[in-house]
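Q: Below, each chain spelled out in residue letters.
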Amino acid sequence: MHPEKQKHGFEPKIIAFVCTWCTYAGADLAGTSRMQYPSNVRVLKFPCTGRIDPVFILKAFQQGADGVLVSGCHPGDCHYIAGNFHARRRFAAFRKLLEFIGVDLHRLQFSWVSAAEGGKWVEVVTDLTEKVRAMGPMNEFKELALEEQWSGSINTPELKEAYNQI
Amino acid sequence: MMQVIDTSIHAAVAEAIRREAQRLLSTGEVSAIVGYASARRTGAVQPIVINDADSAAQLVFTSASVNNLAVYLTTAKKEIPKTGKIGIVVKGCDLKALVGLMGEFQLKRENLYLIGVPCVGVLASTVQPAVELTSETIAPKCRECDAHLPTGCDFVPDVALPPMVPLETKYATEIARLEALTPAGRWAYWQEQFAKCIKCYACRQVCPFCFCEQCLCDRNKPQMVETTPRPSGNTAWHIVRAMHLAGRCAGCAECERACPMDIPLNLLNRKMAKELKELFEYEAGLEVNESGPLATFTDKDDQSFIK
Numbered sequence: 001m002h003p004e005k006q007k008h009g010f011e012p013k014i015i016a017f018v019c020t021w022c023t024y025a026g027a028d029l030a031g032t033s034r035m036q037y038p039s040n041v042r043v044l045k046f047p048c049t050g051r052i053d054p055v056f057i058l059k060a061f062q063q064g065a066d067g068v069l070v071s072g073c074h075p076g077d078c079h080y081i082a083g084n085f086h087a088r089r090r091f092a093a094f095r096k097l098l099e100f101i102g103v104d105l106h107r108l109q110f111s112w113v114s115a116a117e118g119g120k121w122v123e124v125v126t127d128l129t130e131k132v133r134a135m136g137p138m139n140e141f142k143e144l145a146l147e148e149q150w151s152g153s154i155n156t157p158e159l160k161e162a163y164n165q166i
Numbered sequence: 001m002m003q004v005i006d007t008s009i010h011a012a013v014a015e016a017i018r019r020e021a022q023r024l025l026s027t028g029e030v031s032a033i034v035g036y037a038s039a040r041r042t043g044a045v046q047p048i049v050i051n052d053a054d055s056a057a058q059l060v061f062t063s064a065s066v067n068n069l070a071v072y073l074t075t076a077k078k079e080i081p082k083t084g085k086i087g088i089v090v091k092g093c094d095l096k097a098l099v100g101l102m103g104e105f106q107l108k109r110e111n112l113y114l115i116g117v118p119c120v121g122v123l124a125s126t127v128q129p130a131v132e133l134t135s136e137t138i139a140p141k142c143r144e145c146d147a148h149l150p151t152g153c154d155f156v157p158d159v160a161l162p163p164m165v166p167l168e169t170k171y172a173t174e175i176a177r178l179e180a181l182t183p184a185g186r187w188a189y190w191q192e193q194f195a196k197c198i199k200c201y202a203c204r205q206v207c208p209f210c211f212c213e214q215c216l217c218d219r220n221k222p223q224m225v226e227t228t229p230r231p232s233g234n235t236a237w238h239i240v241r242a243m244h245l246a247g248r249c250a251g252c253a254e255c256e257r258a259c260p261m262d263i264p265l266n267l268l269n270r271k272m273a274k275e276l277k278e279l280f281e282y283e284a285g286l287e288v289n290e291s292g293p294l295a296t297f298t299d300k301d302d303q304s305f306i307k
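Chains as they are written, first to last, in this note's numbering: chain D, 1 to 166; chain Y, 1 to 307.
Simulated from the structure, these hints should not be mistaken for lab results. For glycine and all other residues, C-beta sits at the position ideal for the given N, C-alpha and C. Keep in mind that the hints are not guaranteed to be accurate.
[To be verified] Label pairs and their computed distance ranges (CB to CB): (1) HIS74/D to ALA39/Y: 38 to 48 Å; (2) PRO229/Y to ASN155/D: 40 to 50 Å; (3) ALA134/D to PRO162/Y: 51 to 61 Å; (4) THR32/D to ALA295/Y: 19 to 29 Å; (5) MET102/Y to PRO157/D: 58 to 68 Å.
Isolated chain D (complex conformation) (with noise of 0.2 Å):
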């Protein structure tokens, strides 16, 4: 029934922010009319992409996305009139920021999808997956968070001294 899912070395973890108007409903598009497309997509419901910080981009860096995908109403389309307006300049001045601290915007996409668009859903989504996947883990942010939790190196000479003794 479902065609074969081809095995791969590296699954990314894909973190999807999207406005509820229309992403939401799109990607819903797609699902009740049983278009494939990669489960390694993990999607999060905002009321609008005008209530998506820069701040969530970072934190899900942090804990661990390969890639983040922000989606949200064609400019016009904007349930709650221009919050979409005002993404799109924050979005444009936060990319740069990030591309200035040194991380690779091809992690980084945005979209607009709407409520009809189940197809552009699935097509955005494949393409991030596999562009992100043929890059490979994201480690910058990831290996910070580690530093946070261990003080120093986890493979020091002293460490693996200590290991082959026990």
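Given the structure of chain D, go ahead and fit chain Y onto it with the hints provided.
A: Structure of chain Y alone, referenced to chain D:
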């Protein structure tokens, strides 16, 4: 090649400030004046708030008058009585910050008496306050200054600015150097810088625009940014700081001056200012603008990065 910068106007400027402060306080036109006074260390200058005409003699202005006094007028600082009209001594860069605060409805123009200062530049935070102002000791922000003469003030000392020596830019050069690196190279550079951070939040305390009653980075339910002075929290703090100042920062570079670990904080702010100028043709200036670039929009904004 080292060039000495002509600071001969400072004596006349200081004298004019003292006379004006004396007049304002004796006539009761303002209830207090925020200005600069000599500090204990030779040549050093510190902020002072005076509210009687006799204290006006304490006011000075030298190339060590580095502080942006606008920070004392924000809601985050309670030192200044918020009654009546307040006089404040401002350099061009400080005036940009005040104008930004007025645009964000934090201050009212009618409650301020602006004493503008024609400024040839101030000393960098890394040198002793008594040294001579030269092309080596000048603060990096002053190299790129476009507001030597503040405009729209209530009082500006009648002093002619000496001709400005063109100086080599620091921020623009450094931004261009970093932009030419690979993402991994930039990541390595910034990690090295952020690793120095001790989370003293001096950059936040000294910033005129960090006036939130509760900072997002202090909240713990939910905790958006780790408060530990370790790599993950440091990186998040500096990204959030730069993002929250994007389109607001007036470029007074107080964050960088106050930083005890010499993290190039203003470099992030300048980069964001550059990007916002390119994207939305916005620049912090001397005109009150009631909606900053990220608080407004047009239907023709760039969306080439959105699928």
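Q: When the hints from earlier in the document are held up against this structure, which numbers fail?
A: 1, 2 and 4
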